[in-house]
Every structure is written in C-alpha cells, then in structure tokens.
Amino acid sequence: MNDFDPVLLAVLSNRMESIVREMENTLLRSGRSAVLNLARDFSCAIVTGDNRLLSSAEGLPVHVIGMEALAQAMTDLHDDIAPGDAFLHNDPYLGNTHTADHTILVPVFFAGRHVFTAAAKAHQADCGNAAPSTYMPFARDVYEEGGLIFPAVRVQRNREDVQDIIRMCRRRIRVPDQWYGDYLAMLGAARIGEARLAELCERYGLDVVEAFVEEWFDYSERRVREVIRRMPPGTFEAEGRHDPLGPGHESVPIRVRVAVDPAEERIEVDLTDNIDCVDAGVNQSVTCATNNAMTGVFNSIDPDIPHNSGTFRRVSVKLRENCVVGIPRFPHSCSVATTNVGERLVVTTQRAFAEARDGTGLAEGACGIGPGFAVVSGKDPFRDDQPYVNQMFLGSQGGPAGPEHDGWVTYGNSVTNGLMYRDVVEVIERKYPIRVSQLRMRTDSEGAGRRRGAPGAVVSYGPRAGRLTANYVTDNHHYPPLGVRGGGTGAASLPRRVHADGGEEDVAPIGGQEIPVGEELIHLLSGGGGYGDPLDREPERVREDVLARWVSFERAREVYGVLFERDVPSDELEVDAEATRRKREELRRRGVNHDCRAT
Amino acid sequence: MPYRIAVDTGGTFTDVVVSDEEGRLHVGKAPTTRARAFDAIAEALAGVAEEMGLDVGGLLGSASGLTYGTTRATNAIVEGKTARTAFFTTAGFPDILLLREGGKQNPFRQMPYPPPYVPRHLTFEIPERVDSDGGVFTALDEGSVLGAIEGARRAGCEAVGVCLLWSTVNPEHELRVGSMLDEHWPGVAYTLSHRLNPIVREYRRASAAVIDASLKPLMRDYLTTMERDLREAGFKGNLLITTSYGGSWRRELITEKPIYTVGSGPSMAPVAAKTYAAAEFGEEDGAGDLVVCDTGGTTFDVGLVRDGEIQTTPETWLGPRWTGHMTGIRSVDVKSIGAGGGSIAYVDPGGLLHVGPQSAGAEPGPACYGRGGVRPTVTDAAVVLGYINPEYFLGGRLSLDAGMAADAIASGVGEPLGMSVEEAASAVLTVATENIVGATREITIAQGIDPREVSMVAGGGAAGLNVVPIARELGCRGVLVPSTAGALSACGALHAELVSEFAVSAFTETGDFDYEMVNAALAEVERLADEFFVDLGDMSLRDTAKQYLVEARYPMQVWELEVELPSRRLHGERDVHAMEEAFHTAHERVFAVKEPGQSIECVNWKVRARARRETPSVHTGARAAESPRAHGAGPDSPTRGRAYFPGFGHVEVERHPGGSLPPGEIVVGPAIIEEPTTTLVIYPESHARVTAAGNYRIEFTRDTPSALALATAKGAKA
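Protein chains in written order, with our numbering: chain A, 416 to 1014; chain B, -6 to 711.
Rather than coming from a laboratory, the hints here were simulated on the basis of the structure. Fair warning: there could be bad hints in the mix.
Below, a list of computed lysine to aspartate or glutamate pairs in the EDC-like style, where the Cα atoms sit at most 16 angstroms apart [as the list claims (entries may be wrong)]: (1) B/LYS587 to A/ASP592; (2) B/LYS587 to A/GLU652; (3) A/LYS998 to A/GLU969; (4) A/LYS733 to A/GLU652; (5) B/LYS539 to B/GLU176; (6) B/LYS587 to A/GLU575.
Next up, chain A with everything else stripped away, as it sits in the complex (with noise of 0.2 angstroms):
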C-alpha cells in the first residue's frame, strides 16, 4: 500500500462506475436495433490517456476486455488527436473484437492534455458483410467477409460528423437510418463520458486523478495477487471442440493450458499449441483470443476483483502467429471471433480448473448462435417492402454449473455471461413480420450433475408475412456442453425446420434458411453441463426440478436415482426417501452414463 487516502481511492473509484453506468444508459434506451435496446450487446469503458483499460461497470467481457487496445490503435495511427474528436474503430486486426462491433472512441482532454479516452462498443444489426448477417462462418477471408472496415477513423471532428465516413457507412450497411441511430447512441454515450471525466478532473484537479489511477491498477493488481496467492500450483489442461463448420470441414479443436504459479502470483494462459488460422471466419482476433480466455479464468476466481489493466498484470495470455486461438494471419477472417470458437475457449479454460481441483471452475455453458440467435433479415409487407436486419435473441440456452450452484437459466453465452438482455416477443413481433409460436424449457436438457446445469429452452418463429431469411451459427451440435467431475453432458442443441404440414426436418446447423409463410425455424438449445455426479444431489432439489419440467420423472429417476412417493407433478410430490437411496445404489453400482438424451 502506498500513502494515497484510501477514502479518495474508494470515492473515485465509485464515480468512474458512475460514469459508465450513466454512458451504458445512455446507449441502452436511445439506441435503434434491437440487438442493443432489447439485447444491450454494447458496453462502455474508460481507458487511460497512455491507453490502459481503467473501469468497465457492468461491460460484456468479451467487449470491455481489449478496449485498451482500440484506443492504443486510435493514439498509434494519429498524431493530431483533438478536442472535439471522435474516432470510428471495428477492426480485428488492429485490437476490435469482430468488424460487426462499431467502437466510438472520444478522446477526453483536460488542460490541454489527452487524457482519458472515453469508448462505446456496439454490435449492430448490419456491418455491410457479403451476407445480411453479422456473422460470416463461411468467409475464406476479409474480402469474402465483406464488411466495411474503419481501423481507427475520424468521424468527428470538432464534434461535427466528418460527412464522407457518414456517407460510406450509409452507402453500405444495409439498414442505414437505424444504423446511424445506433451511431448517435453510441456517440451521445462517448460524449457523456467525456463530459463526465472532464468534470471530474475539473473538481478534484489532474494531478489527484493520475494519483487515483495509478493507485487504482495497483489496488486491482494486489487483489489478484492475493486471489493467486492462496491457489494450489499447477499446470493443467483442457481440450474442446467445436462442432464442424458443415460438409467438407473439420471440427475445431481448442487446447488451453493453464499455469498457477501462486509463488509468482501469475496465471498464464497458454494458447500457443493451437492449429493455424482455418479458412473460415471463427478465427479469433488478438482482442477476442485473449478475452475469451480471461473470462474463463475469471470465471473461476474471486468474482469481485476488478477487471482492468491493473489486473491483466498477473493474468496474462499467450499467443502464437497465425493460430486459430491466437493472432490472426491477414486477410484471414475474424467475423464470428465473439462467438462460437470464442465461446469454447471460455468453456474450455473455465473447465480446466474445474477439471483440476474440485470447487473450483465450471462445467461448460451452452455455445453458439443457432437459429434462437439467428440474424434475421428480409423485407416488411406491412411496412412497404422495407428492408429489415437484426441479430435475436429470443432463444435461451443454459449456463453451466458450479461447485456451489446450478447453471444460470438466462445465460445467453459464455462471452456475455447472462449479462445481455432478452429479447421481448411482443417487441420482436411489433418490429418485424415474425410470429413466435413457442418459447419454453425444454425438458430434460440439463447436464446432469450435484449441481446441474441450466436448461435449455425450445422457440420457434417464422414470418407472418413475406420471406423471411435467417442466419446462424450453431455448436453444441456434435459436441454438446461438457460437464466435468461426473457431472452429466447437456443436451445437444437441435436446429430443424418445421414444414406447413407439421412435419419437421434437421437443418444444417450452420447456414442460413429461407422461410415461406407457413413454415418455421424451431431451435431446440443446449442446457449447460453438470458438476459433480447427479446421484450426489439432494433429492428435493431434484424434485424442484421436476415441478419445474425441467426433469422428467425418467429421467429423475434414471439419471439422478430420485423416486417419488407418486409422481404426480404438483405439491403433493414427495421424494421416497428410502426407494431413492435403493435406486442410487444400484446406479452406483452399475455406473449409468447421465449424458441427456432429450430429443
């Protein structure tokens, strides 16, 4: 500890929340897509003048982790940053997560002085790709991609939009009013921010602030320390894979390695043995590859440490050139680096403590973004033939366990874990000419476990007028959701198509689909993975379960070795105390496999 007043530390810490928090509302209610005013796949941030990830609130992790490298790209390629700037930033190749995430980065000066950048991170609903879809699986490289690219490009000046970047991106990007509304949302957040920051320099003095800043990274780093500190030593491994891009593709397979060294007060990740860059787009960007890993370490550490640059001096990850899991190889393609791949590498390092020392870790969440998360696109009837584009998010699949609790149930994926929004099916349908016939958990789709993962959920939609077209990229396919120290596999996530006649047909599980009226999408999603072995589990949380349908009699009896006095789903259930120690005993004995079978 240095002499800085503890009192002034808590205080300005608080205030830099503050002001994220105010920039994070901001962009939430004057944002136009859905993806951010419904789903709020955005997030704000603070960094330093010298380009340091200072406060974040309540930031996706895959967003908000990285944001310094944005604004180090930004002070990199320009050296006539001013007062009144604002600089347009998406691209991997220089620190953005994917081209589908637009960056606002203000430089906030105080006396003279560029001191603090103040940045809006948002997906929208349309960058411009090849394809009406954010997320391009398919993409051989950045010019198959086709997104619009802006590495750190000045939008404002003297607060003026500069006109020819306007006009690129409303030449390009398929719903140009509303992405200019994102646009304003994003800017007006920045711009809070920089008001915000300024005031604060103004009130407390520069010199004060620096102090705190400094001050703060240590305070960050000396709580990851001791979190490091007290963890056993070791190097462990996990191995995932995510499900093959389609016919004539192979799965992905990810390896993560893991070293504690509490001595050192280190952790490294490790994601050098990695294949090279795949001739698709679920390469990692730098910026995603090293997120994605970070959340899964935070998953499985002492959840109140701040996350900043302070922090990431002990917890590190390293890279490898041209590597799927690394730094990309231009003109390799980074479109889908948010998700999908970047899912499985949190699930996969989050597994490896889990997999190492029980207590610690997680099972793996539910990955991807099937047709519950599909990029919907086509033409309004009802609105004069007017385009529409935007990412859902109506599906639900579930979050992994823990030692200590079950999965959570709205937990959208392992890069956002459960921070997103939900879309609302009353808005959705208000929106665009989609009906949504179901929406619900779906029934025996939990891995298995002493503590359970979430379920999954079933949703099903298709146009009520028109064509509707809609892009996807599902895992959990082939490899569903692990569970790890005898915890039970989710369920695998299942994208078919529903014909007028009821008949129902599996789709490829990363493509897109043209719906006629009549027809529909149904998506039925993974649940997360279990921890620990079901049999383990208390019975009357077993039994919670099944009030809930989200565990079938069957299946609580045959999996978690629960019998009833009379199955009967209403309170009147009562565990038979005796008949389910019998049960449990025979499954001990015979060691059933618990993976779920739910179809």
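Starting from the structure of chain A, add chain B where the hints point.
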C-alpha cells in the same frame, strides 16, 4: 378546517400524523400490530388525541378524512404469504415469468437463479393467439380454459393472473377468460393483464397481473377490516389509500388493483417533500427540481421531483433488479441504495473500504445496539464521531453502547487501514456518503436533471447524519429537513392528491399522422379520467386537472419517452410539430443527442388525472407536536459535547434539542440538532435556519470546499 389523519403502517412502526383545526401537525408512533393493524393505529392516535384534549373516538369522529398507507402487500410478497396464484398464459409461453427479460449483475459471480413468481406447475397454457395487429391467428380454445380453471382449483389456487400475448391490442380472449372465470369459478380473485396495465412487453404485463391477483384476497380482507374497525371506532370521513403512483385512491378502487399499494410508503416521501418545498421555498422555487432522500436502517431511498412533477418509472423491481420481480406498473421512481444506518463497513483484501450493501438490519443491528452485532456500521461511525448521542437515540427509546461502536470501528476499519478510530469512522461516513452521491447523481442525470440546480429534501431516521455533505458534494442549492422528517411518508399521505393515469395504445408516426385515431384515443383516456373524477364526487375537491401525454420514440427505438402534449387534441401540423419539438428536446435532455427533422413514433396516449382536496397548510407557524408517549424526555436546552469532523478534527459542538429552537434561529455548524425521530448534523461551514413552520433549511457558506473534499484532500499528496 376539520381534522385530517394520515397513517403509515410500516413493518415495525405505525406512524400517524394528524393536522388540527389550525393546521398544526401532531405526530404519533406505535409498534405495528400484525394481527389487527387498527390496534397500532389506535395506540398511536391515543397519544395524539390526549395532546389535543380528545379521545381516539372523538378524534376519529371529527376527522374529515383519513389517508392510509401500508406495507402489508410488500411484506406479504417478501414473506411469500400472498394467495396461492395460478398463471394463465398463451400456449407455448409458460416460462415468461421465469425468463423475465434477462440481465445479471456480475458476469463472473455464480449465483442461484431466482424462481418465477408463479411456479411452473401452477402455470396453465391456453391455446389461442392474437397477432401484433390484433388479428386472431388461433381462436381461443374454451375447453382448455375450463381445463385450466379446473386444474387451478384442484391445485388449491385462490387467485388467477391472466396474461395472453397482445391482449393490449385485442383484449377479446382475455375478456372471455375473465367471463369464464366469473361463470365457472365465481368469487375467485383474478386479474386480466390488459385491464390492469395495458403495456406492450409480455413479462412486465404478466408479472403485474400475477402479483396483483396474488394480493387481491389478502388486501380485500385487510382493507375491509381496516375500514370496519375505523367506522366502529367512530370514523365517518373519507378513507383513502396511498398508492405507489404517488397519490391516493378510494378504498374500493385499490381493492380492484392492490398492486398499487406495493411500495406506496416510499412513494409518499416525494409527495411530502414537494409539499414542504412549496411551502418553504415559495410556490415559485418549490415548483422546481428536488432530490428527495429518505433514509432508514438498510437503505437510502432517492426520489425526484422535476418541474414540480414527481418522477415515475415503468420499471420497479420487488427485490434486486433483474433477479427480483418487476411490478410492471408505473410507480414513483424511488431508487434504494444500500447505504442506511445499518450498512456494514469492511476493508477488502486489497485495502479498499466498502460500506454496504450488506446491512446489520434491526437484529442484531449496529454494534452499538449491544445486541450481538460486531461488524461496524454507519450508525456506529456516527456514534464514534459524536454525531449520535448514545443517550438520546430515537428520542431516548434506545440507549447505545459507544464503547462497542468504537471497538467495532477500530477492529473492522481502523486497524486494517492504519487509521485512528475517529479517522476510520469518518472514512466510513465518507464512503457511505459517496455511495449515495454517486447513485444519486446517476439517478438525477438519467432523468436529465443537473443536481446542481436542485434543492434536497431529506427525511428518515438516518438522513441527518450525512445529508449536509451529500448535498454539498452534489452541489445542491440547499437542504430542507422537515422537523417531522422521521415520519415523512405519513406526512406525504396527508398531502397526497388523488392521482391516476389512463393510457390507450394507438400507434402512429408523425410523418403520416393519424389524427382521427389519436383524437379518439385521447377522447377515450379523457373519458376514463372524467369517470375517475365523478367517482370522487363526494370528496369536496378543491380542483381537478388533466395532463395529456404521449409516450413516443424515434423510429426503431423501443424505449419511449413521456412528453406532454401541447393541447388536449391534436388538430394539425402545428400541434404535431410542437409535439415533435418537445420530444427532440426531451431526448437531448436525457440522452445528450437528438435527431432534428426525424419523425417520431407515438405509442401510447395518456391522461394523468389529479384531484386536490383541501389539505392542511405547512405555513402555520406552529411547531409539530410530538406524542409524549413516543419517546423519553430529552433535555430542553442545548448541551455541549465533542464531535469529530474531517478536516477539523475534534471540535466543541452544541447539541440542540429540536423543540427548543424558535423560528428564525440560526444554528451555525458545527452543531447537532436532535429531533425525536432524527439527528441532524450541521457540518462546519454550513448553517441551519429554523423556518417559521419549524423546519430546518440548511445552507452552505459560499466558496468553501465540501467536507468530502476536505476528507479526501490529502489524496493529492500521493
């Protein structure tokens, strides 16, 4: 003017406020009686009646009205003691209440997922479907409704919440379910979502419907009994019940929509604040912007008054945001910050001091209560600093152990941070203050209010401990602390207007404005408002007012802003243009950006109806009387003591018994004013003036740094 009575039945205490013929306020307090709420009211009234030379019957008999607020509904929900309720929903969507709208506080924290308000096995799917344009896609399967009724009955349900998709656009199916319930399950309590709360967003509407239904049997009995007890005790006046919307309703209306009593207590604080501010700052100034603080043991509640209007929100959570249950109804926007008197201070392993949100509550309470609490709290810090007199806490109702407070602060905060016990206590209060300042700033700014242009009104038992540095750090113009600060909600109830809001959904865009539809919608909401007034016919209203509003947004946005209409009907481009301009201005105020020239989407058309009764004035020049039974006798004249202030160290202070200060008196800080229900700390470089009505106005000596800045100035040396 005849007597008027306001009652606030809280979880622990029942407050009563009576205004007499001259408008003087008399305050009474008694422990809440759970079995029969009236007993506590009678006990609290007895003290007041005695003071007025009456008995309870006489007081009740000569009262023209009684406004009643209760936490009964809130407590029943918290304790899970509401009616067993079934949820009827559109087939395919049985998990609306489970999934909510997503969101989570900390991405890296594993925690149990919160259960739905109605469990899945009491949820019944009804095959039917209405589309977003109101067309029927699937006809209502009446057989299934009968099956659901039978199932719910068999499961022992006593209430039904019904929410079908798009019932706001076409309520036919919900209405039919309602009439089938009437026919096949006569007498069951039920709520139809579109009737209670006609908003788009199925989770909010469903949540409101099931919460409301679950409260109906309970609140009907409770309020009916209350009214009978009051009548039997001689009360002949009008009985009004306070609502979460910041007004009051007739008892008959509230039993139809009991969800509106949830959170009604906190919603009264801004009403009181607005009334006091208008009286003390003058109608002109008082009609401006106010930050309203009400502090209790566990939370610091903040509400806002902007342009004289109490701010409301459509998002109120029972329990934590995202993981509790949203009420879905528009309520007074009161945000709770975990920084009350009982909030616990601790130092984390990295050496950072935190205060709250964990609270020691009332049991075991702060360490100084001597009831087994050992962790340091804000109250302990205030005792160490000499702000709270251990002998005269809560008017002497509880005597505190200063030694235990000091031990807890020293071991929990002082030692880990290497500070003296006073420095540590001061740090605890400073961090608590900062938590409040930060959250309050977010709340004000999110509404487009600059905290530097507002006054603060503070109430609640613990507010006086740090309201001065809070207001100073926010840059507020000044602070008003009513002498009855401890009973702010009951005082609000006394002044509450009869307020209701009526809304009709009618979508149109300003680029292609549907005048006929909009004016029809406005006529409809106006008719509903007039009906509301007619129902109040016998209440000797002073005046009524209707405000016409639209909820609008830019194209593709999904969160609307509420904007007042230029006139009660829209007759041409000029009116529509004026509405657009008002929207652009509001958007810029709240979100920092606007898009001039862009058309706007109009979603809901509303009328806010308010009726004012004759209410007591606060200009009477009389001190509030306190029930002598409510507290022990305190000293009559100032005593001297020592208190610690950051930047000043230990200083001599005068401790003034509240009642001893005559109007016009100026108390210069550092000083402490002890009211029976609150302690007001006047920090150095501020002073309090006792107003003609016996309230306190605190002003700051100009151009001096705030206490927080002083507390933290040494940070600069780092």
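How the hints compare with the structure:
no.: 1; hint: B/LYS587 to A/ASP592; result: holds (14 angstroms)
no.: 2; hint: B/LYS587 to A/GLU652; result: violated (52 angstroms)
no.: 3; hint: A/LYS998 to A/GLU969; result: holds (13 angstroms)
no.: 4; hint: A/LYS733 to A/GLU652; result: holds (14 angstroms)
no.: 5; hint: B/LYS539 to B/GLU176; result: violated (37 angstroms)
no.: 6; hint: B/LYS587 to A/GLU575; result: holds (14 angstroms)
Checked against the numbered hints given earlier, this structure breaks hints 2 and 5; the rest are met.
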